[in-house]
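If you read the sequences in order, they're chains A and B.
Counting along the first sequence from 1, when you hit position 22 you're at 22 in this note's numbering, and nothing is skipped either side.
Counting along the second sequence from 1, when you hit position 124 you're at 124 in this note's numbering, and nothing is skipped either side.
Accuracy of the hints is not assured; some may be wrong.
Straight line, CA to CA, 27 Å or less: simulated DSSO-like cross-link-like pairs of lysine-lysine [what the hints assert, rightly or not]:
| id | chain 1 | residue 1 | chain 2 | residue 2 |
| --- | --- | --- | --- | --- |
| 1 | B | Lys-60 | B | Lys-243 |
| 2 | A | Lys-357 | B | Lys-297 |
| 3 | B | Lys-288 | A | Lys-336 |
| 4 | B | Lys-21 | B | Lys-39 |
| 5 | B | Lys-142 | B | Lys-180 |
| 6 | A | Lys-202 | A | Lys-140 |
| 7 | B | Lys-180 | A | Lys-357 |
| 8 | B | Lys-60 | A | Lys-357 |
Not close to chain B: a few residues of chain A, all C-beta gaps over 12 Å, as computed [claimed, not checked]:
| id | residue |
| --- | --- |
| 9 | Ser-14 |
| 10 | His-184 |
| 11 | Thr-265 |
If you're looking for bench data, these hints aren't it; they were derived computationally from the structure.
Glycine included, each C-beta is placed from N, C-alpha and C at the ideal position.
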Amino acid sequence: MEFGLSNEQQLLESSLRRFLEGELSIERLRKVAGIGTGFDAALWEGLVGQGIVGFLVPEHFGGTGLALLDAAVVAESLGYHVTPLPFLASVVMAPLTLMSFGSEAQQAEWLPKIASGEVKMSMAFVDGAGQTGCNSAWLKGNMLSGHLTGVLDAGAASHVLVLLTDGRAALVDAHDTGVTVDVHASIDRTRPISSYAFSGAKAIILDAAADAHEAATRVIDAGRLVLAADTLGAAQFMFDRALDYSKERVQFDRAIGSFQAVKHTIADLATMLEPCRALVWYAAYAQDALPEEARIMALHAKAHVSEVGREVARLTTELHGGMGFTDLLGLHYWFKRIAFDRQILGAPEYCRREAAKVQGWLVA
Amino acid sequence: MDLSYGPRYLALREEVRDFIKQYGDQSPRTGGGRKRPDKRALDWQRLLLQRGYFARTIPKEYGGFGLPLDVMELAIIADEFSTAGVSAGIMNQGISMLVPTLLEVGSREQCAKWIGPTIRGEVIWCQGYSEPGSGSDLAAVKTHAYVDDGRFVINGQKIWTSSAHFADMMFLLCRTDADKGKHGGLSYLLIPMSAEGIEVRPLITMTGRAEFNETFLTNVRVPIDQIVMQRGDGWHVANVTLKYERLLLGDPNKLAHRLARVIELMRRTSLIGVPTIEIPEYRDRLLKLQGEVLASKFHGLRLLSEQSRDEESGVRRLIVKLNGTMIAYRLSSLAVDVLGAAGLSYEPKGEALEDDEATTWQIDNMYDIGLIIGGGSSNIQRNIIGERGLGLPREPTANTKSAQKV
Numbered sequence: 001m002e003f004g005l006s007n008e009q010q011l012l013e014s015s016l017r018r019f020l021e022g023e024l025s026i027e028r029l030r031k032v033a034g035i036g037t038g039f040d041a042a043l044w045e046g047l048v049g050q051g052i053v054g055f056l057v058p059e060h061f062g063g064t065g066l067a068l069l070d071a072a073v074v075a076e077s078l079g080y081h082v083t084p085l086p087f088l089a090s091v092v093m094a095p096l097t098l099m100s101f102g103s104e105a106q107q108a109e110w111l112p113k114i115a116s117g118e119v120k121m122s123m124a125f126v127d128g129a130g131q132t133g134c135n136s137a138w139l140k141g142n143m144l145s146g147h148l149t150g151v152l153d154a155g156a157a158s159h160v161l162v163l164l165t166d167g168r169a170a171l172v173d174a175h176d177t178g179v180t181v182d183v184h185a186s187i188d189r190t191r192p193i194s195s196y197a198f199s200g201a202k203a204i205i206l207d208a209a210a211d212a213h214e215a216a217t218r219v220i221d222a223g224r225l226v227l228a229a230d231t232l233g234a235a236q237f238m239f240d241r242a243l244d245y246s247k248e249r250v251q252f253d254r255a256i257g258s259f260q261a262v263k264h265t266i267a268d269l270a271t272m273l274e275p276c277r278a279l280v281w282y283a284a285y286a287q288d289a290l291p292e293e294a295r296i297m298a299l300h301a302k303a304h305v306s307e308v309g310r311e312v313a314r315l316t317t318e319l320h321g322g323m324g325f326t327d328l329l330g331l332h333y334w335f336k337r338i339a340f341d342r343q344i345l346g347a348p349e350y351c352r353r354e355a356a357k358v359q360g361w362l363v364a
Numbered sequence: 001m002d003l004s005y006g007p008r009y010l011a012l013r014e015e016v017r018d019f020i021k022q023y024g025d026q027s028p029r030t031g032g033g034r035k036r037p038d039k040r041a042l043d044w045q046r047l048l049l050q051r052g053y054f055a056r057t058i059p060k061e062y063g064g065f066g067l068p069l070d071v072m073e074l075a076i077i078a079d080e081f082s083t084a085g086v087s088a089g090i091m092n093q094g095i096s097m098l099v100p101t102l103l104e105v106g107s108r109e110q111c112a113k114w115i116g117p118t119i120r121g122e123v124i125w126c127q128g129y130s131e132p133g134s135g136s137d138l139a140a141v142k143t144h145a146y147v148d149d150g151r152f153v154i155n156g157q158k159i160w161t162s163s164a165h166f167a168d169m170m171f172l173l174c175r176t177d178a179d180k181g182k183h184g185g186l187s188y189l190l191i192p193m194s195a196e197g198i199e200v201r202p203l204i205t206m207t208g209r210a211e212f213n214e215t216f217l218t219n220v221r222v223p224i225d226q227i228v229m230q231r232g233d234g235w236h237v238a239n240v241t242l243k244y245e246r247l248l249l250g251d252p253n254k255l256a257h258r259l260a261r262v263i264e265l266m267r268r269t270s271l272i273g274v275p276t277i278e279i280p281e282y283r284d285r286l287l288k289l290q291g292e293v294l295a296s297k298f299h300g301l302r303l304l305s306e307q308s309r310d311e312e313s314g315v316r317r318l319i320v321k322l323n324g325t326m327i328a329y330r331l332s333s334l335a336v337d338v339l340g341a342a343g344l345s346y347e348p349k350g351e352a353l354e355d356d357e358a359t360t361w362q363i364d365n366m367y368d369i370g371l372i373i374g375g376g377s378s379n380i381q382r383n384i385i386g387e388r389g390l391g392l393p394r395e396p397t398a399n400t401k402s403a404q405k406v
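Pulled out of the complex, with its shape left as it was, chain A reads as follows (with noise of 0.2 Å):
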């Protein structure tokens, strides 16, 4: 028994990280805010390098095969560098998604595709996903019809991978002329949020999952593992920074993280941050190792990490006083990347109605 990372997955993180730093200065990411895409080729093309874009999909579709646990380790490291690629979507959900309700021959078509980074994946969800707004979507033959809000990784995405209520999941090309997407900055402008209007658009039908509400809750569940990691990530730098700041910012002759009030803030942000982690690394284990408790540790990770996240990004940018408010800093880009993986794939409130539900605590 071992309750950690391993070897490998230490790597992985160590060398994404070195990679991040070198790549992602601060000018680099108001640039890439600026163009509001949430894509950024270079990075892009990196992540590839490194294995990462394929490391969900198995060996013989052109992947690495890996697990969950590797996913949340390189969400945590995305996270804190508040990296603008579309992970969640094209990395995480659609070969997850394509693996369950895809055909062999499908899978052997799509994902070596999205292994080798050259399709890039946005998803979006009719239902279940905890989104707010209006959404529908049909298939008439294999036409897709209908309007989803809430998509993630739409900005540079060559395909939309849609989980429909009927227990299929529909494959579209993204600049198909039946498709209409509208790409909205969000607050977090590492990664936009998009509507899609779909007026008979042509579809790849996938309905080969042998249970596809389950395969629909799994990939959701997955994405928000990997939300919470994400968040952790962010959460991690922003209280790293502020416990930087607080020892070299002085006043009244003193660094202001000697004063109880600032070292007791501090203290409990640690407090609520530390043991966030351990929950993270076993949520995301649960996910390939511990199918019956999968469910319950996703949306606690999700709801849990979320609360400490929104504390944590709060309570630092006060530390930094009034810098922390500013723009030079740029502290802002991970404020808002905590509050937007709060909302994605529900809120904490309906994470946590969600496992109640699962647990039984709530009358259907």
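Dock chain B against chain A, hints included.
For chain B alone, kept in the frame of chain A given last:
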């Protein structure tokens, strides 16, 4: 990450389960500890020691089971006893704090003399640390001892000495050298409570019970070899003890157990005819706490794993007390809220095990405040986390220049 248990661990789990199935009904009820262990508790303790489910890693020569430390084995045993709701043995300050301290820094003779009777539950210890004038500033203790004719002669007053009214022994922090500075002049002594010159007076707490005592020491004489380590090492020894106390307070196993009790309570109680667990406001509070308990539980597993690899856990270990005691308090607060008006009744009996449900939760809720304060209050823990764990500068003390300026 590998959370699977190998065949050896699975076999141990089966073995413990079989043991509990066969002997579990001989277990005393859990949750005692305000009195000396009775015959039932002592018999149960003897059985656990024989089987190696208690003091598993303590050397045989000191009355333990003598197995090498394997944190997973300990976790499996704790888990099985806690799940079955069966007593995992006597818990007191002697067993959980003094014994590991002696093993770490005590002499061979001290280990041989005290560990066996302590883990068998025959010798009960109390902790002589705090004083009316030195609570959080533990190094400021004024109780002092001088040597006369091969004996320490101790004078002073201690406070918050739980179990002092029935304890056999006290581990005591006192000043033996007035001129060696605040921390350097302290010593750690083991003294019999039957010694002449010790007076114990009960201290009534907010629960209405006398959980603590004030202890007065007047010319108490103990042999000079009753010191742990050397004269002047008291501060170091006291901190070894405190390390074990911090881990004890905030134990994630206890949180999981209490969470289970709150869930059970919320299924059983109702408000306007609806089970409380189905009322969204209460349910959401419960779920928030469940998330926190889970995070603490896996954090504990991570610490355990780090310990088994001999890794330093640093700040991760230091947060356990602050985090655990706050969650425990919020859990008992929810229970009290859920009980509503029915939960207001408060009729403590002599022994905790005789109390009704409302009284039990009310006492737990108040006692949790005591645990938040005891063993280094939350604000002291925040200083420890900030300074020792995260390297933040210390608060200037009164004799530094900048403080004088203020």
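Checklist entry - What are the numbers of the hints the structure violates, in ascending order? => result 7, 8, 11
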